[in-house]
Amino acid sequence: MLESLVAEIVVFVLAVFVGFQVITKVPPTLHTPLMSGSNAISGITVIGAIVVSGAGYGRLATVLGVIAVAFATTNIVGGFLVTDRMLRMFRKDTGGEGK
Amino acid sequence: MTALAELAYLLAAVCFIFGLMWLASPATARKGNALASVGMLIAIVVTLLDRSILGYEGILIGLVIGAGAGAILARTIRMTAMPQMVALLNGFGGGASVLVASAEYLRLSATGGAALDVGISIQFSVLVGAVTFSGSLIAFGKLQELVTGQAVTYPLQKPLNAVLLLAILAVAAYLVVPGSGLAAPLADLFGGDAAVPLLVLIGLSLVLGVLSVLPIGGADMPVVISLLNSYSGIAAASTGFVIDNNGLIISGALVGASGIILTKIMCNAMNRSLGNVLFGAFGAGAADAAAGGAAAGGTYRQVTAEDAAIMMAYARSVVVVPGYGLAVSQAQHAVRELATLLEARDVDVKYAIHPVAGRMPGHMNVLLAEADVPYDQLWEMERVNPEFDRTDVALVIGANDVVNPAARNNTSSPIYGMPILDVDRANQVIVMKRSMNPGFAGIDNELFYASNTAMLFGDAKASLTKLAAEVKEA
Chain S
0 MLESLVAEIV VFVLAVFVGF QVITKVPPTL HTPLMSGSNA ISGITVIGAI VVSGAGYGRL
60 ATVLGVIAVA FATTNIVGGF LVTDRMLRMF RKDTGGEGK
Chain B
0 MTALAELAYL LAAVCFIFGL MWLASPATAR KGNALASVGM LIAIVVTLLD RSILGYEGIL
60 IGLVIGAGAG AILARTIRMT AMPQMVALLN GFGGGASVLV ASAEYLRLSA TGGAALDVGI
120 SIQFSVLVGA VTFSGSLIAF GKLQELVTGQ AVTYPLQKPL NAVLLLAILA VAAYLVVPGS
180 GLAAPLADLF GGDAAVPLLV LIGLSLVLGV LSVLPIGGAD MPVVISLLNS YSGIAAASTG
240 FVIDNNGLII SGALVGASGI ILTKIMCNAM NRSLGNVLFG AFGAGAADAA AGGAAAGGTY
300 RQVTAEDAAI MMAYARSVVV VPGYGLAVSQ AQHAVRELAT LLEARDVDVK YAIHPVAGRM
360 PGHMNVLLAE ADVPYDQLWE MERVNPEFDR TDVALVIGAN DVVNPAARNN TSSPIYGMPI
420 LDVDRANQVI VMKRSMNPGF AGIDNELFYA SNTAMLFGDA KASLTKLAAE VKEA
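If you read the sequences in order, they're chains S and B.
Residue numbers 0 to 98, in numbering that gives the first Met the number 0, belong to the letters of the first sequence in order.
Residue numbers 0 to 473, in numbering that gives the first Met the number 0, belong to the letters of the second sequence in order.
Treat the hints with caution; some may be incorrect.
Simulated pairs of lysine to any residue, SDA-like, Cα-Cα distance not exceeding 20 Å [claimed, not checked]:
hint, chain 1, residue 1, chain 2, residue 2
1, S, 91, B, 345
2, B, 263, S, 26
3, B, 157, B, 272
4, S, 24, B, 29
5, S, 24, B, 20
6, B, 157, B, 168
7, S, 24, B, 13
8, S, 24, B, 26
9, B, 349, S, 26
10, B, 349, B, 324
11, S, 24, B, 378
12, S, 24, B, 379
These are calculated hints, taken from the structure and not from any lab test.
Based on the provided sequences and hints, a complete structural model is requested.
Set out below in structure tokens:
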């Protein structure tokens, strides 16, 4: 039983290291899109929410699950869309044309 | 869970990692974001298909409501309000974690209780999720100015929070192992109902979230949002422990790491430790700082828009230093217009961006990108500082503390040691400001009294429009 917990902790710690490696390469210019984008990624909780709201755990659990699905989906859709909206605005200097 | 589903979650996590890697450059960032959203779609579809899902009505309702709310929010939010939106989304992520963990707990307690490891994961998930939820709502309230932006302090703040945390741990221990030492007395208190102690735990955690964000001043919000961002990731990962899902654990860990890095960057940019931000109540001490700094006063030189325009029009290089005041008066487009006119006269224009120029990490870059400023004209602090020696005119718009030389040379200043933009080293400095009132932190700025500084008073947008008109004439 505790073995599976330990295995999960291993995955977690390794993923944190991957996160550090990847995120430190993101330039300050993109830190706001990084935050809103990673926000959307943390909406992955929706997976747990779908399971508890759909697997027939009882009425209360279902209600809690549905609210959780709504929360997490707001997070996902809002996060990815607003990140895209911001990233569309970033453009390079075209060197005279279009000014 | 089938092996196939496990592999699909791994694929989703790989999409997230590549998506974040592509965020390393503005050229590939949009593609990265799209890839991450594909990863999310894979994870959701696999969950809908593969799990023992009995009823889809509730799920569909939740998905439709969430997607609608998210889409409306994303389309209508103003770029200046981006910190509020991120705060709100952080809170939703935390809220989802609390709800999932609670539902899991209710299910397991109806069937004879959770195993030790799952029990610990559930309580941890409830605690982190609830703190993230209520803390983010308070942060949202502060940014939206529904709650005072000042640091709220009261006597015995730290002891009270410590007692609260102990109470939370006791209830959590009771929930995991009802008969155990510290938790034993709680058994009588809660009776037999499994839901009561859970509600108490949620309630206490919500209060802790409120009390830990309330004492933090408005100027420190970039740190708080970054930290709550990290919490929302940790909450997602802990939900992964609850439902034994590596996909959640990996994704949550990525977000948690991202939030921690941004928190560290923001703390460094303000030369403060995280502990000092969380418990220091910086805003509340500002009155003393103002009293101490007032002695630095002296005479300052004023300049008309006409003269300022001529200085810039005939300069070789101009560095614009935008602060939050620029965003407040919605003057990004006016700056851009002025810069275009200067560039047409072969003046080299750069923008110097301090890490805490906006209300969240990278906020100022987004505000300028919205005004069509190319991102390669945005220079980070480390890169632009050596340039000031060769700069003819530094135009400071609504920035104050981040250009205060006291951070470099006045050991008694509350901001001493904070990395700043060295605008005082430019040949000429034009400071645009509403009046001589000290800024947000209430600290006097000797830059305003320097011999190479000229003050241009008035609303930033109006002054910039006037400057642009004068440059056209020059």
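These are the hints, each one checked on the structure:
no., hint, result
1, S/91 to B/345, "holds (19 Å)"
2, B/263 to S/26, "holds (14 Å)"
3, B/157 to B/272, "holds (17 Å)"
4, S/24 to B/29, "holds (16 Å)"
5, S/24 to B/20, "holds (8 Å)"
6, B/157 to B/168, "holds (17 Å)"
7, S/24 to B/13, "holds (17 Å)"
8, S/24 to B/26, "holds (14 Å)"
9, B/349 to S/26, "holds (17 Å)"
10, B/349 to B/324, "holds (18 Å)"
11, S/24 to B/378, "holds (16 Å)"
12, S/24 to B/379, "holds (14 Å)"
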